[in-house]
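*Asks:* One-letter residues, chain by chain:
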Amino acid sequence: MSATVGQPRQFCTLGGQQSVVAIERAIPIVHGGPGCSGKIFGGLSFFNGFQGSGYAGGNAVPGTNSCERDIIFGGEQRLREVIDGALKVMDGDLFVVLTGCTADLVGDDTATVVSEYRERGVPIVHASTGGFKGYNHLGHELVVKAIIEQLLKPAKAINPKLVNVWSVVPYQDTFWAGNLKAIRELLEGIGLEANILFGHDSGGIGAWKRIPEAAFNLVLSPWVGLSIAEVLQQRFGTPVLHYPVLPIGAVETTRFLRAVTEFAQLPFQPVEDFILKREGNFYHFLDRAADFFMEMRWDLPGRFINISDSIYALGISRFLVNELSLHPAQQVVTDEPPEEHRETIRRNFAELKEKVSAEVIFSNDSDTIGRQLRKTGYDLPPLIIGSSWDRDLAREMGGFHLSIAMPVMDRLVLDRSYIGYEGGLRLIEDIYASVLGTY
Amino acid sequence: MSTILQHPRHLCALGGQQSVVAIPRAIPILHAGPGCGFKLHTGLGSYNGFQGGCYSGGAALVGTNVGEKEIVFGGEQRLREVIDGALKVMDGDLYVVLSGCATDLVGDDIENVVTQYRRQGAPIVYAATGGFRGTNLHGHETIVNAIVDQLLTPQEKISGLVNVWSTVPYYDPFWAGNLTAIQDLLAGLGLRTNLLFGPDSDGIDSWRRVPAAELNLVVSSWTGLSTAKLLNERYGTPWLHWPTLPIGGEETSRFLRAVTEAAHVDGQATQAFLDRQERRYHYYFERAADFFLEFRWDLPSHYVTVTDAFYGTGISRLLSGEFGLLPLRHFVTDQPPLEQHEAIQCQFAALSSELNAPLTFTADGDQIAAELREHPDSAPLILGSAWERDIAAELSACHLSIASPMMDRLVASGSYFGYNGALRLIEDIYSMILSAVQ
Amino acid sequence: MSVEQQIRQRDAANSGTGVQIRERRLGSITGFVGTAGELVQIARAGELAERERSFTQAGTCSSFCATLQLSLIQDAVVINHAPAGCAGDFPMFNLYNRYGQGKRNLARQNARLLTTNLNEQDTIFGATHKLVDAIHKAFRAFQPKAIFVTASCTSGIIGEDLESVIEEAEQELGIPIASVNCEGFRSQIWATGWDAAYNSILRKIVRPPLQRQLDTINIITFIGDDYFSELLQPIGLKPNLVVPFTGVKQLERLSEAGATAHMCSTLGTFLAAGLEREYGVPEVKSPPPYGLDSTDRWLREVANLTGKGAQVEPFIAAERAAIAPQLEIHRQRFAGRKAFVAAGPSHGHSSMEVLQDLGFDLVGSCMFHHDARLDHGDPTGDSLQAATRHTPGLSYGVCNKQAFELVNLLRRIQPDLVVVRHPSLALSIAKLGIPAVFVDDEHIALGYRGLLRYARKLANWLANPALERTLARTTKLPYTHWWLNQPPFSMLGEPR
Amino acid sequence: MSLVNIAHSNIPTREQRLGSIVSFEGLASELAELSRSGRLQDRPRSFTQVSSCASSCAICLLSLIQDAAVVNHAPLGCAGDFSMFNLVNRYGLVKRGQTPANARLISTNLNESDAVFGGTQKLEQAIRDAYERFHPKAIFVTASCASAITGEDIDAVADQLEEELKIPVATVHCEGFRSKVWTTGFDVAYHAILRKIVRPPEQRRPEVVNVITFWGEDVFSELFNRVGLQANLVVPFADVDRIARLSESGATVQMCSTLGTYLAAGLEALYSVPEVKAPPPYGLAGTDAWLRALGRTVHKEQEIEELIASEHEAIGPELEDLRRQLKGLTGYVAAGSVHGHSLASVLRELGMNVAGGCFWHHDPKLDNGDPAADSLEHLVREHGDMPVSICNKQAYELINQLRRLKPDVFIVRHPGMAVWGGKLGIPTFLVEDEHFALAYRGLLRFGRKILDAVNNPSFYKHLSEHAKLPYTDWWLQQGPATFMKEAE
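Chains as they are written, first to last, in the working numbering: chain F, 1 to 439; chain U, 1001 to 1438; chain P, 2001 to 2496; chain X, 3001 to 3488.
Here chain F stands alone, though its shape is the one from the complex:
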């Protein structure tokens, strides 16, 4: 279902382009209209925490810039031209052709064109990502599956320590780079090898080729990535661990690490030692600042409202309820999860804590969201954790506001992360800086 949307919080399938940019030395080739790639870059990367071009993004992206002629007479010849050039001009290890609305609508046989190159040994795959097919969460899955299906071969041997990580969507999650790094450190902390696949030092094509060697796939997200894990299970029989809650803060991170430990049948004691040390540090600072949290100065805690992708809305709600004893108001999930996943998400919010539950609104349209949220009244100013779109709503409701969700236009984000023990501390610092900063 996709109604009219004001103030979008995700973009179209072609957004998969940014997942390619997130792979080290991978080059996207966009077979679409002249503006598509730039708009995707602007929306998902630049005006979303100002994440920037990276190696082969922004203006470096090769594209066919389809014109009237390509629409009428087909654009396959034009695509060949650009691929030829790209192989000469662009210095990359992996090329991913993504189609836009134009090519998919006029029905260019991109698959054939690309497979011809692949048969000649070129590391190139194709994903049909015409914008009308869905959101960039889908685009991300399509790109990943394209690489898996068109490039990967079964492994000779399984590496019992290796785990493929499918979690936040690069660039859609403004903090993806720092988050993936944090996940890597957590998993390595308990003795696993994390195959992160996206971002700096993730190993590029090499890492992708190792995917079939993995002992299991970790899907750390409410729903995005599940279909990837399924494909991998079918092709390589790799088992899946699905952990739907983003681990923020001690309670959730510890729970997460224990779940992984059990699934991966890791030795129990070293993990507990690791957990003990990290929890110790986390709670040292909660303890140190306990005066502040309990003396609840400057109007918090009132109620908090998340307006973000299910992965954040759920993760942050659990965190604020578990660690800071805050209370939720309505929660807004904006990533349009497929129907079959919504019940689970609803339940997760209903069972935040014994006596604490929250009602969920599924919507990606600011108009709808605003009308829903304005219905409730509050004793104290609410805290709204959402995208930059929600600044107006927060002001109107006399609440506080922090941008953590696409699009983040009011922050610059580098390697900040909200995942794990450290991530929890960072989130607390940021929330209260935004509150205290208003005085």
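Since the hints were derived computationally from the structure, they do not count as laboratory data. Nothing here was measured: the structure is a model prediction, and the numbers come from that model. Where is the CB? At the ideal position from N, CA and C, for every residue including glycine. Among the clues, some could well be false.
Distance ranges between label pairs, derived from CB positions [to be verified]:
| # | chain 1 | residue 1 | chain 2 | residue 2 | range |
| --- | --- | --- | --- | --- | --- |
| 1 | P | 2331 | U | 1367 | 32 to 42 Å |
| 2 | F | 277 | U | 1264 | 50 to 60 Å |
| 3 | F | 268 | U | 1205 | 24 to 34 Å |
| 4 | P | 2433 | U | 1267 | 20 to 30 Å |
| 5 | P | 2211 | X | 3217 | 24 to 34 Å |
| 6 | U | 1367 | P | 2456 | 23 to 33 Å |
| 7 | X | 3272 | U | 1072 | 33 to 43 Å |
| 8 | F | 277 | X | 3221 | 53 to 63 Å |
| 9 | U | 1073 | X | 3328 | 29 to 39 Å |
| 10 | P | 2247 | X | 3309 | 50 to 60 Å |
Below, a list of computed lysine-lysine pairs in the DSS-like style, where the Cα atoms sit at most 27 Å apart [what the hints assert, rightly or not]:
| # | chain 1 | residue 1 | chain 2 | residue 2 |
| --- | --- | --- | --- | --- |
| 11 | X | 3406 | U | 1088 |
| 12 | F | 353 | X | 3406 |
| 13 | P | 2476 | F | 375 |
| 14 | P | 2338 | P | 2308 |
| 15 | X | 3327 | F | 353 |
| 16 | X | 3365 | X | 3485 |
| 17 | F | 353 | X | 3461 |
Given the structure of chain F, go ahead and fit chains U, P and X onto it with the hints provided.
*Replies:* Just chains U, P and X, lined up with the frame of chain F:
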């Protein structure tokens, strides 16, 4: 040199109590008026990043709360009462008695009282920290040197062990995160850090280990130098003094190379470690470059630092040395000893002669505001304490609090130290600006 | 039905509402290499032919340009009839909007933008019903004074009949609703998007004049600060900056002004010509007022059109005298520094002129496209000729934002400074260690005093190129050695 | 001689004036009886933790007067609370819809040589600076241990500068060591105000009621307007002129009679502005009684009765509901004496058990000397007896007490004390806005707040699991009063 102060950025010598609180399981005992301890907790611990009372601070601070009686008849007996109680009630490994104005002025012989307890085997030391004696940075050095002087005994050297003396706990809201950052970086060089303060310190054991170190690392503009010298006389430990905050790709690497040399560790291993760190740092540097080159909205081209010398020099090297910003004015607020002023001048100037800006040593908010008003239309980026919010608003300048007192932020493990510290600072500065322009 | 038929059908449906693309209307091109003089000559002779590239990098499309102008009209709404990805630029326009509102002391609010969020079914069964919903929703949520419906590749290819939907809604809601035919694939020259936006304004918003405001000068521009008053007030005129940050009322009365001028004649050509054609508002033909000579000429023409001839000469003399001493200092500072401009015409031409006035040694330039003529057809408007009147031999390229060509070219030239005006090009240049000044406020260099403003800004950039140095030292460009050793324009095809 | 002697710059401490004490362990009824019979005596503690001093209390009131300036004649540490009052100031301004601005505070930063050679020149300079920098309508000079012990004659300096600058320059004798009862600081601040700021009435304004309070949100106006009265909240966020005219009002009430006792009594003594002598308006019974007393004072009995009736009706249903949900829960209260009594009665009225209260000090009588104002008496009479500790913020005693009583919720009014409840895993919150629980609607607000705290105790749970207490096991086995000596 102590002028009348509006908007103080440091407090009095008794602020040394916070350095005691920063030592795991150490208990400060204040021999002072009833309100001193809590005021200092408020100014340095609470309304400065809301760091909080922790184990033995805040309302747990032990104190004699001297009244009229003690002022008239002397307070030594009162002090004994409280020490007796503290040894029974407070669960600690180290007790530090600090005197306040009242008791220093009436001249209680505290040293004598405390020494008696120490003779009976109590791990207790004494520091004369009457408020009028100086700033809390002075107080910090006083308590550190008191412990070194009254408690430590010679030890076998432990190879690769480095004592770290860095920013003053609590006064620097980021002190704890900074120490962790130093520990991680030195670990990368294969060194073992002996942290004396904060969550990663072993408390009294770390202190007892101090004489066993092969190197004293003073990462601080000037505080801690007297300690390093004292330890050098006592135990012949050499020291390395690094006076500017190592932040960013270039400064951090320079710092680590210097440590490598001073600690005689394998240069090649260091190089490999630095390469890895720099590569990661520059990945994010490149990512943000689009933004710096294009950010269409009057991104300030000039900046002002209103911090202690350590942060001021380090941050100006980052902003001017790596990000192409221009300094407008520097204010050094930690009242360094006069003999340090010239060195600090040079540290600011070191970058290049074109990048020189006027430097003022002052802690007075009024003077700072007045001098900033000399640049009415510059709208600079002001990095200072929360006091600067007003003058920033007046000059419609951008402002970020990074120095004491910080009433507008909560700081947990945050740090502006090293490679990651630079990324964090850049995120914080520009998020604040972006938020302000919309 | 074949795609071709669909397109023809759409063109039929939009007949009269669409605007011809620049390739056809103005003989515009995106590929050229040679000297400025040659280009001026060929274009003037009507012999300018496109040279297509085999390999290309992603460009920009009309939709972006159209939405930029329309989304900043404060009491209108823009509905993008497209899949969600075409809304990728919404956040950017929102930031422009909030930022500009702040600068103009307006209450900060999110830009009023909607997308119909087209999906697979819509491509099969059509989605005009969604457009109807969107229009009603926009009307309910914002009570706008006008609604613009921007088309997309998808809506174009599946042959959505926007006009009938719009006519119906207009009658029901009683406000102007305009379609904007800015489908990305229709033109390689994204500036066509401006034309489409202005066309919809001319068709649906602008009204016949009630009473003329002869001392008002329409200035067609972007979002820069109002420095035009500096030039116009002293001679008794006031600027009317459009289209961003105006209201519908203000646009209705464009027809009443004494003249229309540009901040960039490529930007405004369609609107200015339209206002002259339909309402007799004279267009200022000479190139925009950047650089001493062009500013003189521009002011004189404005004055003549508005009967201010008497005031203008003393003003010009006074201003030139006022800035002379400072200007001299800057000239000496910049003397011998090699500069290069990469931007869109004609603003890029203006920058070229300004840099030369400031004493830089202009070593070349590259513009994102070239219009063989402007809509008014008058050769005195040729800004390239104006900018290179003393330096016709200047090496000059036309390249629609192809980073790989620029990088290749600049690596050879190694200028001391590149002035660039288009998102995300600056980085590619800075990675070469070359200071890349991104022109944020397009008005900053305007007129006489602008020269000094601009000089100060450049001086600040050049004072500390640490950022560029660090980038050059620590980053790698995504291009092969093979490419960097080819001639910069070797991917250009033969003229068609 | 009258209670207020404006000829002198200083006044007796609470110990001297009211016989106040800072240590007691027993039942509320005993404490009330001892107070009434004049047999109440302090039991000095041998071991103590730091408490607070008069300086903080004085500065907190004076620094929030919007067009006055405060010069703290002291070493820099005494400025440790500047930043707190600054945030309170900015926060209060934002809340009142005004632009936030820094508080007008200056420290003379006394150092070693000043201690030896005297710092009066510095004080003169500081007062002139304050005048230059802020153009204030009045300047307050707060003393310190150091300035007093070195024998600075600050009164002389103040009088001389008052001549010179032609604005009131008032000294405030809030030296920390003078009194164990930090609320003495309020008294000396009010004394300075009565001496130098308040003017004899020009014209009486019977409809205006002075409300002596801190900086909580104004919940008084809404109530007062309904009976044709105006609330005049002082001292924080008032300006000098408004304070100067306190003498013209029809009555004075207090949010906490420990806070305002000296000012209220002073206004009655000097300018016969009647002080409403009843415990503050917390809880149904308390609020009813308080309103009636006010009604009698300003002759609005009838209107008041109608107001009471309508409010009772308005909150009735939700109050019932809250009582049902809170039934069986046990609370413990720690606060400054009278406010503590108020909070305890609020808990009882919400249907909760009160395991006891810990109050920072106790005044056996108030400056008005009228038993009708005795809030402890009221608490015992209306809501029954309870264990009471008097303890000037001695965390070690409090935690010892809390560990025995194990309440379900712990409610605190004083920075720095809440954390100890949390470290024991008890849902705890600080009453930041002292008006939060005030009057009828406050009862509901407060009830909701308590429910939030007990319904999600996870933060406290984790804190108790990870936070280490700085106290020995030995101590936690002792009785809370172990270190109280017999009365001297």
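*Asks:* Please go over all the hints and tell whether each is borne out by the structure.
*Replies:* Checked hints:
| no. | hint | verdict |
| --- | --- | --- |
| 1 | P:2331 with U:1367: 32 to 42 Å | 39 Å, holds |
| 2 | F:277 with U:1264: 50 to 60 Å | 30 Å, violated |
| 3 | F:268 with U:1205: 24 to 34 Å | 29 Å, holds |
| 4 | P:2433 with U:1267: 20 to 30 Å | 29 Å, holds |
| 5 | P:2211 with X:3217: 24 to 34 Å | 55 Å, violated |
| 6 | U:1367 with P:2456: 23 to 33 Å | 28 Å, holds |
| 7 | X:3272 with U:1072: 33 to 43 Å | 39 Å, holds |
| 8 | F:277 with X:3221: 53 to 63 Å | 54 Å, holds |
| 9 | U:1073 with X:3328: 29 to 39 Å | 53 Å, violated |
| 10 | P:2247 with X:3309: 50 to 60 Å | 54 Å, holds |
| 11 | X:3406 with U:1088 | 24 Å, holds |
| 12 | F:353 with X:3406 | 23 Å, holds |
| 13 | P:2476 with F:375 | 53 Å, violated |
| 14 | P:2338 with P:2308 | 39 Å, violated |
| 15 | X:3327 with F:353 | 22 Å, holds |
| 16 | X:3365 with X:3485 | 23 Å, holds |
| 17 | F:353 with X:3461 | 13 Å, holds |
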